[in-house]
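Peer 1: Read off the chains here:
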Amino acid sequence: MIETLTARSGCKVLRYKGKLLSSAVDPVGEAEEWLKRRLTLLARVKTVFVLGAGSGYHIEEVCRQTSARVIVIEKDSALTSAVQEIHGFNAIQIRFEEIEGTRDLRASETIRQAVAESFLVLEHAASVAAHPEFYAEIKNQLLGRDWGSLTWQWQLKDLAPLDSQAKIHGAALNEPLTIYDLDKTELVQDSAEREKMLLKALRELVK
Amino acid sequence: MKVLVIGLLRLGDFIQILPVIHGLRAQNSIRQLDVLTFEPTKSLQPMLPVVDQWWTLNRDDLQRGLGEGNIPMLTSFSVLQEQLDTINAQKYDAVINLTQTRFSAWIAGYLHTGNRTGLALDPRGNPHFHSPWFQYLDEHTPLNVKDIFHYTDIFFYGCGLKGSERQWWMKETTTGQLEVDELSLPAGENIVLQVFTSDDKKTWPAESWLRMLTQLRLFRSKANLVLLGAPNEAERLRGLASQARERGLRVTEAILSMQGAFSLLKRAQLLISGDTSIKHLANAADIPVLELSLGSSDFRRTGAYRANALIVQAKVRCAPCPHSSPCSQDTHECAAVLSPEIVSTSAHHMLSGDWFALRKLAQEFFREARFLRTRMVESGFWFAADLLGSKPEVLLDTLVERCTWKFLLSREYLNPLAQFGSEGVRLCRELESLLPSEALTHVNGHLNFLESETAQRSEKLAHMWQTARQAPAPDRGITQIGDVRKMHAELEKVFHQAQVKLKLIRSLKSQLSGAK
Numbered sequence: 001m002i003e004t005l006t007a008r009s010g011c012k013v014l015r016y017k018g019k020l021l022s023s024a025v026d027p028v029g030e031a032e033e034w035l036k037r038r039l040t041l042l043a044r045v046k047t048v049f050v051l052g053a054g055s056g057y058h059i060e061e062v063c064r065q066t067s068a069r070v071i072v073i074e075k076d077s078a079l080t081s082a083v084q085e086i087h088g089f090n091a092i093q094i095r096f097e098e099i100e101g102t103r104d105l106r107a108s109e110t111i112r113q114a115v116a117e118s119f120l121v122l123e124h125a126a127s128v129a130a131h132p133e134f135y136a137e138i139k140n141q142l143l144g145r146d147w148g149s150l151t152w153q154w155q156l157k158d159l160a161p162l163d164s165q166a167k168i169h170g171a172a173l174n175e176p177l178t179i180y181d182l183d184k185t186e187l188v189q190d191s192a193e194r195e196k197m198l199l200k201a202l203r204e205l206v207k
Numbered sequence: 001m002k003v004l005v006i007g008l009l010r011l012g013d014f015i016q017i018l019p020v021i022h023g024l025r026a027q028n029s030i031r032q033l034d035v036l037t038f039e040p041t042k043s044l045q046p047m048l049p050v051v052d053q054w055w056t057l058n059r060d061d062l063q064r065g066l067g068e069g070n071i072p073m074l075t076s077f078s079v080l081q082e083q084l085d086t087i088n089a090q091k092y093d094a095v096i097n098l099t100q101t102r103f104s105a106w107i108a109g110y111l112h113t114g115n116r117t118g119l120a121l122d123p124r125g126n127p128h129f130h131s132p133w134f135q136y137l138d139e140h141t142p143l144n145v146k147d148i149f150h151y152t153d154i155f156f157y158g159c160g161l162k163g164s165e166r167q168w169w170m171k172e173t174t175t176g177q178l179e180v181d182e183l184s185l186p187a188g189e190n191i192v193l194q195v196f197t198s199d200d201k202k203t204w205p206a207e208s209w210l211r212m213l214t215q216l217r218l219f220r221s222k223a224n225l226v227l228l229g230a231p232n233e234a235e236r237l238r239g240l241a242s243q244a245r246e247r248g249l250r251v252t253e254a255i256l257s258m259q260g261a262f263s264l265l266k267r268a269q270l271l272i273s274g275d276t277s278i279k280h281l282a283n284a285a286d287i288p289v290l291e292l293s294l295g296s297s298d299f300r301r302t303g304a305y306r307a308n309a310l311i312v313q314a315k316v317r318c319a320p321c322p323h324s325s326p327c328s329q330d331t332h333e334c335a336a337v338l339s340p341e342i343v344s345t346s347a348h349h350m351l352s353g354d355w356f357a358l359r360k361l362a363q364e365f366f367r368e369a370r371f372l373r374t375r376m377v378e379s380g381f382w383f384a385a386d387l388l389g390s391k392p393e394v395l396l397d398t399l400v401e402r403c404t405w406k407f408l409l410s411r412e413y414l415n416p417l418a419q420f421g422s423e424g425v426r427l428c429r430e431l432e433s434l435l436p437s438e439a440l441t442h443v444n445g446h447l448n449f450l451e452s453e454t455a456q457r458s459e460k461l462a463h464m465w466q467t468a469r470q471a472p473a474p475d476r477g478i479t480q481i482g483d484v485r486k487m488h489a490e491l492e493k494v495f496h497q498a499q500v501k502l503k504l505i506r507s508l509k510s511q512l513s514g515a516k
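Chains as they are written, first to last, in this note's numbering: chain A, 1 to 207; chain B, 1 to 516.
Worth flagging that the hints you see were computed from the coordinates, not collected in a lab.
Treat each hint with caution, since some may be false.
[Said to hold, decoys possible] BS3-like mimics (lysine-lysine), calculated; alpha carbons at most 27 Å apart, straight line: (1) LYS146/B to LYS315/B; (2) LYS315/B to LYS157/A; (3) LYS42/B to LYS36/A.
Model the full assembly from the supplied sequences, consistent with the hints where possible.
Peer 2: Structure (structure tokens):
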């Protein structure tokens with residue numbers, strides 16, 4: 001199911017269930033291009049979640065561009081081993097989390113600690129395509145743009161609990177939440193005063 | 001003392017507050033002075049040893065974090081919180097907000113300190129100004145206010161600083177010098193032109209610049225005409241330079257960093273610019289500035305803050321227009337009215353130091369444009385005086401009003417030894433230098449009128465204030481009590497204002513009669 005090939009550039013790349021997980025020509029260049037489009041706040045966050053191990057070059061590129069801790073979420077442990085065999089990643093900066101679903105995600109102490117601080121979520125398209133439903137769930141939980149996942153993340157930050165009756169119009173319309181929703185809801189009203197000030201400040205940036 | 005200065009606006013706005021930062025250092029025993037700015041402003045770091053540590057927020061990234069669906073909902077929040085908590089760990093003795101925006105005010109409110117200056121919002125969203133000067137700024141936000149102090153003066157006095165001295169010191173760097181060396185400018189006169197601004201409304205059209213350059217070349221045949229631009233303006237600037245060359249003009253294009261721009265200005269004899277950060281940088285380089293005040297540029301608030309700059313503003317009814325809205329006219333009227341001839345001739349006379357010729361020019365083009373010469377008034381504020389001269393009465397009103405505000409906002413009037421006499425001397429000298437001697441007679445007459453008007457007003461206000469204080473307190477709810485308190489405070493303020501004004505008028509009167 002997992003094959004190791006040599007790209008034209010000489011790098012080892014992986015094929016998973018018959019599909020290449022990175023460029024068979026220049027996986028390093030591809031990874032650089034991939035990250036160039038995802039630089040927002042990269043230098044400022046404490047953790048970067050990477051969804052999918054791919055052939056590992058995109059992980060390598062993330063580590064090159066930031067000193068943040070990197071947590072790779074991968075469904076298939078065999079793939080994790082194959083990637084480690086190619087790259088031998090340093091366990092201090094990079095951690096692989098093999099989970100089955102959102103329940104595991106919410107239970108993982110590593111993930112809970114990371115979510116309590118600033119983080120980004122970077123999707124690796126070829127890996128995600130191998131398990132689309134799994135990654136969609138994980139992504140939603142980490143993005144916190146629905147009421148349930150937002151509440152979970154808010155609690156992990158050890159902030160005052162949110163009002164479960166919050167009037168979030170985005171939730172009603174099944175649309176992703178935005179700062180506009182936060183500004184209008186009980187979340188702001190019930191959050192601790194100092195956090196409220198930050199939300200109000202951010203709201204000023206998108207007026 | 002460990003101080004944090006918040007300067008969360010554009011690069012130019014930050015340069016504009018440098019005299020305040022220098023003043024803070026000079027007039028207080030500050031052990032460490034750090035700043036919190038947006039990231040682009042940090043490009044000034046190598047030139048500003050006056051700042052110990054730079055904290056920066058990435059405004060664009062924070063905005064994108066809020067707006068892009070692929071970024072977690074709370075990432076911008078967490079990043080901001082972590083950054084501000086790191087700053088809080090520094091335990092600043094004082095936080096000074098020199099920005100006066102709601103964003104900066106929330107930040108100023110969030111940061112821990114025992115001593116705040118400038119606008120801060122509390123968790124309930126109530127504003128706290130911490131100085132009447134910042135409240136004055138808030139009340140004078142509308143564009144149509146009759147008169148207003150320059151922002152740098154407001155921040156200077158708002159920080160409790162004193163005196164008329166302003167320092168504009170920036171360090172030239174080797175990097176900047178090398179950038180300018182690479183331009184290989186021939187020896188001689190350097191005229192720098194900053195042709196682009198951050199806002200189309202403030203930008204003079206390319207065709208006007210080209211025609212102006214053609215005329216200026218006739219006046220100054222040997223001068224180096226240097227078109228200055230930032231790296232993000234390179235393409236547009238090259239386009240303009242090649243158009244200039246097609247017309248047979250010898251120009252140099254200079255795509256420079258801020259360090260390079262500063263070094264270039266240090267070697268220049270004149271800068272011609274719209275309302276840009278480069279204009280403020282030229283103040284620090286201590287060179288003459290010819291400012292084209294177009295669109296939303298309001299020279300009264302942000303004009304070239306130095307003496308002997310020339311500000312040229314087109315006489316159109318819509319100027320200055322609001323920042324956030326597009327031009328309300330069918331054509332960019334203020335830019336069209338300002339002819340290339342006005343600018344090229346002004347530049348030529350400025351380079352010759354010929355203010356008499358500039359006055360003649362102002363007379364010739366009085367229908368099209370206002371010509372204002374900037375000065376640092378002895379009383380300690382910046383002032384742009386019309387080259388054609390204001391009516392003596394208007395000038396007197398403006399100067400007396402400004403000095404009154406200064407005494408009032410700095411609470412100098414509460415000092416039993418308040419220096420009304422010295423202020424009168426300074427005002428007298430200022431009027432003598434701004435007005436021809438025959439006009440001083442009008443001033444005397446008008447002073448008598450002002451004195452009697454202000455005395456009557458003062459009496460009336462004293463009576464009203466007295467009556468208001470003796471009136472029984474309302475018994476119908478907190479809102480009414482709050483309103484009554486506000487009214488009392490307002491009455492008190494205008495009463496003191498009238499009192500201060502009266503003392504200044506009398507002091508000036510005695511000086512003028514002595515001068516006769």
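Peer 1: What hints, given by number in increasing order, does this structure fail?
Peer 2: 2
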